[in-house]
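Protein chains in written order, with this note's numbering: chain L, 119 to 431; chain E, 333 to 1043.
It is worth saying that the hints were derived from the structure and are not from the lab.
Remember, it's a predicted structure, so these values are computed and weren't measured experimentally.
For every residue, glycine included, the Cβ atom is placed at its ideal position computed from N, Cα and C.
Don't take every hint at face value.
Unchecked claim - Below 27 Å or equal to it, Euclidean Cα-Cα: the simulated BS3-like pairs (lysine-lysine) are:
1. L:K223 x L:K198
2. L:K260 x L:K233
3. L:K249 x E:K626
4. E:K624 x E:K486
5. E:K558 x E:K402
6. E:K886 x L:K127
7. L:K249 x L:K428
8. L:K199 x L:K145
9. L:K281 x E:K626
10. L:K127 x E:K885
11. E:K693 x E:K788
12. L:K124 x E:K569
13. E:K705 x E:K647
14. E:K624 x L:K281
15. E:K754 x E:K718
16. E:K569 x E:K629
17. L:K281 x E:K558
18. L:K281 x E:K647
19. E:K744 x E:K647
20. E:K558 x L:K249
21. E:K677 x E:K615
22. E:K629 x L:K260
23. E:K886 x L:K124
24. L:K260 x L:K142
25. E:K569 x E:K478
26. E:K629 x L:K281
27. L:K145 x L:K428
28. E:K629 x L:K223
29. L:K260 x E:K626
30. E:K718 x E:K666
31. E:K744 x E:K624
Claimed, not checked - Chain E regions said to be covered by chain L (calculated; three or more residues, Cβ under 8 Å):
32. 461-474
33. 858-871
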Amino acid sequence: MPFNAKSMKFNANINTVEIGTGDKAIKIGGENTFPFYTFDAPTVNAPKVGIEISDMGLANEPDCIKAVYAGCESVVDMAKKAVTFEGVDFLALKLEGGDPNGENKPTEELVELAKAVAEAVDAPLVIEGCKNVEKDAELLSKCAEALQGKNVLLMSSKEENYKSIGASAGLAYNQKVGAESSVDINLAKQLNVLLSQLGVNSQAVVMNVGSAAAGYGFEYVISTMDRIKAAALQQGDNTLQMPIITPVAGDAWGVKEASASEADVPEWGCVESRAIDMEVATAAAVLASASDAVILKHPVSVATISKMIKELA
Amino acid sequence: MSTIFERVFRGNDAVYGLTQNAIDAAIAQYGADQPVSFPNTAYCLPCYYAVSGVKVKTLGELKAAMDVVKTLMGRTEELNSVLFSGVATALCAEFIEVLKYLNGANPYEEPCYGHLADAIIRELGVPLVTGDIPGVAVIVGSAPTKEDAAALIKSYQAQGILVTLVGGCIDQALEAGMTLGYGVRVVPLGRDVTSVIHVVSVALRAALIFGNVTPGDAGALIAYTKERVPAFVNAFKPVDDVVLTAGAGAICLGFPVISNEDEDIVPIPGALIGEPDVANFNKVSLEARNIKIKITKIDIPLAFASAFEGEIIRKKDMQVEFDGSRKDCFELVKTKEMSEVEDHKIELIGPDFDEMEEGSKQNIAYIVEVAGKNMQSDFEPVFERKFHSYLNCIEGVMHTGQRDMIRVRVSKNAFAEGFRAKHIGEVLYAKTKSEFEAVVDKCQVTIVTDPEMVAKLRHEVAIPAFDARDDRLNNLTDESVPVYYSCIMCQAFSPSHVCVVTPERLGLCGAVSWLDAKATNELDPSGPCQVITKERVIDEEVGAYEDVDEAVKKFSQGALEHVTLYSIMKDPMTSCGCFECICGIEPFSNGVVIANREYAGQTPLGMTFPELASMTGGGVQTPGFMGHGKHFIASKKFMKAEGGIERIVWMPKDLKDTVAERLNATAKELYGIENFTDMVADETITTDPEELVAFLTEKGHPALGLEPMLA
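Produce the complete structure using the sequences and hints provided.
What follows is the structure in structure tokens.
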């Protein structure tokens, strides 16, 4: 009996969200199939890859990243260089120096930096906060105001501060809102519902449903993403039809496989290639599971994942 | 004396006439093509644009707009005519104001602001949405004295409310030495009454910017301002016809008007409110607009954090102790009418801590009285249960127990830092108000330390209240309530599990009763507990409902399709993994064995609790096995479909002792069996199936005579 492939194209779609302006603007989401199921329907918008830099410059970066940005004297220089790497679709600026328990840089300083970076590059911009909910509420709201007209994505609006970030980014200044929850389909859904109750257009929301490095409780991440995509497409749940962006760099570079020095574990081999491997493995898995965009740190990871997407999508 | 209709219409006509003359005069001077605009706005004449959808750009268009305004001016004696005449007046005011800006003029000087730029609205919108600015007060006219004006403004300022001033109150505030300006959230608009339109313009532009309201969609506009813009008007007497008609416009947008005017005015409940004493304007206004002030700081001399929750205070470190096992003590939440509660009133009856001997045992009662439009007495125990955590979070205070069996210790250090009885009230007030803001509008706390009074209140108020609550819980049956609730708190680690919580079947974790689920739902409407209707019965005996199946399917994201409430064999309810107990069928005796989590030994099924747990956790349905709460064991609904509790043949001794009283009562009621638990075996009798059957036979256990569960 001949095998008849049955198309699994769904009647529901993931929302399409545009970030950035002009020729370099990107569209994420839009699909009506499971990831890379090109045999069910052609890819609408291939997943996008971003490269991450920090307001802290190279201060906390490992040697290999210092080498990548050798010659850059400022964060703006780094931004200019970062967007030239092969496969980079967008730039992610992480404002980790704002953390009150860390450097505690003033909001104004970080907003000025975000403005300077936005002026320096024409790639779409994603702004990540410092993980402190109170500071992020202020910081990301001010960034939304300062970057008017740039159509940036402001990450890290969480259950605790979604009102500030949602109102400023989503309502007042027409930016895109990143809704961040921690590896739980119901929390992701609840936050989307809360944002829409606030009046934020669900077409302006991108989810970060939480992640981990591959091997570190990663099955929860994959199961959550799978279930979100299934609920969005199979059951047509429009409170979960927002595209997903996953910041991979922070998780992947933090684990011992990526950071333990060659002196400590000579048998593991080159630390740089280990870190890239962790980043690539994690990114490939979240893309295969549901993510519409990933944020990476190493240009080699970016190029590798970008190639993978081209081959598969 | 004129009626309110006559006054509003007269005021409206007067303003309309003035506006018409002013426009004609301007056209005569500058010509119909002269541009008109407010500075720094993309919305032309924002109010007119919001209401009509038309952008007015020249004097000629402004004149044409007057005809549209005329259509709003109904003259029938109906409320709508009054309200729309008010809107017409407001639009005329905007026209008069825009004429002031003609030809690039700069009509407003320090300290007055006049028209506010779009940028200010975008900036204001965020704190308004987040509640950091809880409201917008519009103060119109002159207060009886400058001190009254300053006191009123300061009272709003202290609450974080944005204050806008129109007319005489501006100079009164200046004379009183107040600093005015956007930075201190007191914005003087202008001295003419028409300048009030600049705050209306803020509200309407907020609807366009933040509410995505389409310009010209007046219905959506009014709905937005009513629900989302927490503004209100304080109008000082004399309220003339013009102010009154402007007030009608405010009311149309959903902004209540509070005034000390008493002549020629008929109050409209919730909209036009007379309050002779200006000192009460703040309170009355907040209540009328339903504005709740966020509490950000608790006024106590000690630290307050969850880090102190586990702190133990030893006898030698203790300044004073309140011990419910030795002295009369209790804690109680009571629901009251709005008028019976004075917000943030904290009263102490009896001696304070300084008058108590060091190290002594004393009486205490704290009664938290709450009122709110959405408050229900079913929430009382939910609040009360949180007191334990609230008081423990205070550095140097320890709390155990609940109801009239509490023990509270205050440390010597806490006492030395100045901690006194009223501070208990401050903590209870602040936490109750902030954590339950969805339902608590007002809260007051009474602390009683007078021994006789505590004893009297305990026996006359507290104990009857606790008894009434227990009766309510005991009388709640699955049949007597209109809805059940879902609970998906555990889905983080058990993705396809859904609990259906009913009065007679609490969540399997034992922590979520039907009342808890109900309160969770009302306090957090998009949270983990959602209403499940029970209108479409499939089979009442096994507890199968189409509504329940639909809900379970939805909340399990399609993993589960059918669940029965009362059967362990047919589509039993799933378990996450945090069940207190598991029951499983025991084929030899035709009954079921129950094991609780604490029980470490073997059961007659040849499986331990962890082995049983592996059969039923993770949201899978395994007929014959089911996780549940301890409390459910004595329920009349416990596996009712298979015959109910008379199927129970074995339980660990500790568990049997815990549930004995209630289980025996149920057995007596259902089957007329006395001391049912004596027939139920435990590990001290046997864990061997054959010996179990022998024991049951000897006792004449009813399960032996029932139909086999495995068909």
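Numbers of the earlier hints that this structure fails to satisfy, in rising order: Numbers 7, 12, 13, 16, 18, 20, 31 - these are the hints that the structure violates, sorted from lowest upward.
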